[in-house]
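Chain A is fixed; fit chain B onto it per the hints.
Next come the chains, spelled out residue by residue.
Protein chains: 2
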Amino acid sequence: MTDTPDNTPVRPEARAPRGFADRRGPEALSERRIVQILAPVYERWGFEPLETGAFEYADALGKFLPDADRPNEGVFALQDDDEQWMALRYDLTAPLARYAAQNWETLPKPFRRYAYGPVWRNEKPGPGRFREFWQCDADTVGSDRPEADAEIVAMALEGLDALGLGDGQAVVKIASRKLVNGVLEAAGVEGAAQTLTVLRAIDKLDRLGMEGVTLLLGEGRLDESGDFTKGAGLTRASIDAVLAFLSVPAEAERSAVLNVLDPILGGTRSGAEGLVDLQKIDRALTAFGVGQAARFDPAVVRGLEYYTGAVFESELLADTRDEKGRPVRFGSIVGGGRYDGLVARFTGQDVPATGASFGVSRLAAALRAARLDEAAAVRGPVVVIAFSDDDMPAYMSAASELRAAGIRAEVYLGRAGMKAQMKYADRRNAPVAILLGGDEIAAGQVTLKDLDAGRAAASGISDNEAWKAARPGQQTIARSDLVRAVKAIIEAPSIK
Amino acid sequence: MTDTPDNTPVRPEARAPRGFADRRGPEALSERRIVQILAPVYERWGFEPLETGAFEYADALGKFLPDADRPNEGVFALQDDDEQWMALRYDLTAPLARYAAQNWETLPKPFRRYAYGPVWRNEKPGPGRFREFWQCDADTVGSDRPEADAEIVAMALEGLDALGLGDGQAVVKIASRKLVNGVLEAAGVEGAAQTLTVLRAIDKLDRLGMEGVTLLLGEGRLDESGDFTKGAGLTRASIDAVLAFLSVPAEAERSAVLNVLDPILGGTRSGAEGLVDLQKIDRALTAFGVGQAARFDPAVVRGLEYYTGAVFESELLADTRDEKGRPVRFGSIVGGGRYDGLVARFTGQDVPATGASFGVSRLAAALRAARLDEAAAVRGPVVVIAFSDDDMPAYMSAASELRAAGIRAEVYLGRAGMKAQMKYADRRNAPVAILLGGDEIAAGQVTLKDLDAGRAAASGISDNEAWKAARPGQQTIARSDLVRAVKAIIEAPSIK
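As you go down the protein sequences, you meet chains A and B in turn.
So the first sequence is numbered by my numbering: it starts at 1 and just counts up by one.
So the second sequence is numbered by my numbering: it starts at 1 and just counts up by one.
The reader is advised that the hints may include incorrect statements.
As the list makes no split between identical chains, a pair holds if one copy fits it or if it spans any two.
Claimed, not checked - Below, a list of computed lysine-lysine pairs in the DSS-like style, where the Cα atoms sit at most 30 Å apart:
# : residue 1 : residue 2
1 : 449       : 280
2 : 280       : 419
3 : 487       : 449
4 : 324       : 423
5 : 449       : 324
6 : 423       : 280
The hints are simulated quantities; they were obtained by calculation from the structure and are not laboratory data.
From a predicted model like this one, the values you see are computed outputs, not experimental measurements.
The shape of chain A in the complex, shown without the other chains:
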């Protein structure tokens, strides 16, 4: 608090910086629950945890080199007291690259590591778009084997399954930079500009269908708004080669996809290499017991300028809906691929690496939309009502007994009356309120108020007579019976 010249204290306004969210109660547990489920999966596969600091030197982060005019472009950067620029990590791959380069000689190789935590991006915030969010990554550094790719895909699927997204609710689609190079070779695509136009066309298959892609591969396409996009100018034969590459049935088995691609790409150097890689990936996935949850889909063009081999991307098939029940689609919640340039920025030496990243914050939103967010179902504590200061020890003992039995419990410690305390218990989403009046204490009794029954009554559900008989709203029992009776209420089928 600073004083203005006339001595009126100036009070700061209590507000969070733009793009940073506060989360309280069950909402704060969603991301934590996800990483607590994913971490044991990674560890079971032999991946080691790695924790690095929030800051990296800006030159080590690489992607965003700050300059004096605009040091914060994309990242949160500041100058250390020795004048060196540091920036908060914008993903978990850049710190891995720095760590691997720094410790390469002494690491067990291949080096399998996982990591999770917040990353920061200095971008314009918007609805559902934050400047701080969580990722959870697994990478294998130092293995050029396609089996390492297969492992990353199988782990991602095991993680999704552990989160409740098994049984066909999510698939991982696998493609390969080498296959794309093969089809470019087969179609006679030449030069960076034409390559880019073809890749962009392929990337639009989802949105424009085969017809639109055909136009973009040829002369060009006029969209509904009248804008014309110039095409790649391929010949009919070249276009057909690309279309054949893309026309793999979505539900086909992995080996069937390879059979379709072989005649198209087998004759090209890069395509043939890519096919051998995918055969090995298929073989490994099968050994891991992974069936149709992992598919080959040549149309996945994920950051192809970055990846050097296989690329993977999840697709959520679960029924996801917003709060109003309208269907919503979520983009890729886990994706990655093989990239060889990981440590080359530091050492000049290519090291093969492959990995995938879970967008934990987006995954949390997706689980909520799929009504699979178990954290959201967490109940509040049992609340012991405080009537009199003198009887505080009786309230405290009751709460202690419940906690010792593993039940969340607390004594109301404000100064409000009975009515406000009941309202408090309701707002805490308490299942039960414990009433220990002076008479009850003297008689060795306790009264339990079933707040779920109360909520049901308020919503009219409890008109059902059978239900009412099973759930008396309020009961006075022997004090010695407290834990058993509270457990019975908490474990009763929930009312919805």
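Same frame as chain A, now just chain B:
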């Protein structure tokens, strides 16, 4: 990578910013394990999780107001694109204050929340002194009841117990700002300067003993180096009052301490109030089943200019030793107290609050020193040796089977020979290496190498014949027996 004028690429050096640590493997798990043990304790007591962003507006953080010349004093601060200064949180209390002030009207009150995560301090790093470390806090906002203080203390002890520091290995010492005010009143101490001198003298009891404190309360003290510290200049009677206040036996029960203090402080307004508070805290602790692990110790002078009521501070009694077996002392690993100014900076209104903070990073170091860090004991994965590319599916299936049985397992995915693979397995701290040569696969067999047995042989332990018989270094068994045999090795008593 940037190019110099002569086109030699300039490569950044791979290094972490000063004061930020990398932690790999078991070391990376220590802090995570601690918060995963503390969080359920807090939740059982009815505390809700709260997550806020890493940044706060600098004016909201308050303690460190950046100016244009030196925005980074103590915190990591930077200017947002709207020119507002933001800073990374330096503790978890400041974000709570901002959040509580911002949401006070809509929060259930009293508001019990816990939080954990990294905090950042822009200070000079040194050995064991980092600029990023973890805290784990619990606070109750909106309750002036001493029972709320007792709850914080009891929870802290329950947390320490859950971490393996029960049974007298840690105590929490409780004092009170009000008691100190009482003794200052009883001793006739007046004015801010004299008060400060007396508090400083009390704070040195641990180091200088009663004799040194007596000198500092009186005329002053000459230390060994010849430096003279001017004393508070109290009269003999006043000094005696302070000494009586401090001469509570360290092992005394809480009620006995109150009996000693009553005649000294009962006559003062503030002291009498403080005694009533401590009586209630004692009563609540007793109801919670907390015995001598929570003590009253008037000599604890913890940030008294900040706290307004009870203060608490843990003392570790466990046998803590450094890597060379030398005893090491750890400062307070959990501490806190009651403070009423939490939201006043924002709202101008005092709201009673009480809480405690675990220094998670320091606690992790203490648990290691007490050899209680279970994360450090985590074993590496079982490693399946890769002999031939063709047999990869057989290796993958074996690893999958082990994982399905809950055993950490991986296939070696590098390109090195058998000897290097065994070295890799050893460096991963693998308990077992799985050998599936072509002959073994054909015969439906598998060979297990007990790497612990190998380590024991290397260290001479395995000369014990009985032990050797129980742990054959290498065994070839039926492939169908894989999981059982690996489990038997992993679960065998460890060799030290």
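Taking the hints in turn, this is what the structure says about them:
1. 449 / 280: between (62 Å within a copy, 28 Å between copies)
2. 280 / 419: Close across copies (25 Å), not inside one copy (68 Å); limit 30 Å.
3. 487 / 449: within (13 Å within a copy, 49 Å between copies)
4. 324 / 423: within (27 Å within a copy, 58 Å between copies)
5. 449 / 324: neither (32 Å within a copy, 58 Å between copies)
6. 423 / 280: between (62 Å within a copy, 26 Å between copies)
In summary, the structure is inconsistent with hint 5 from the numbered list given earlier, while agreeing with all the others.
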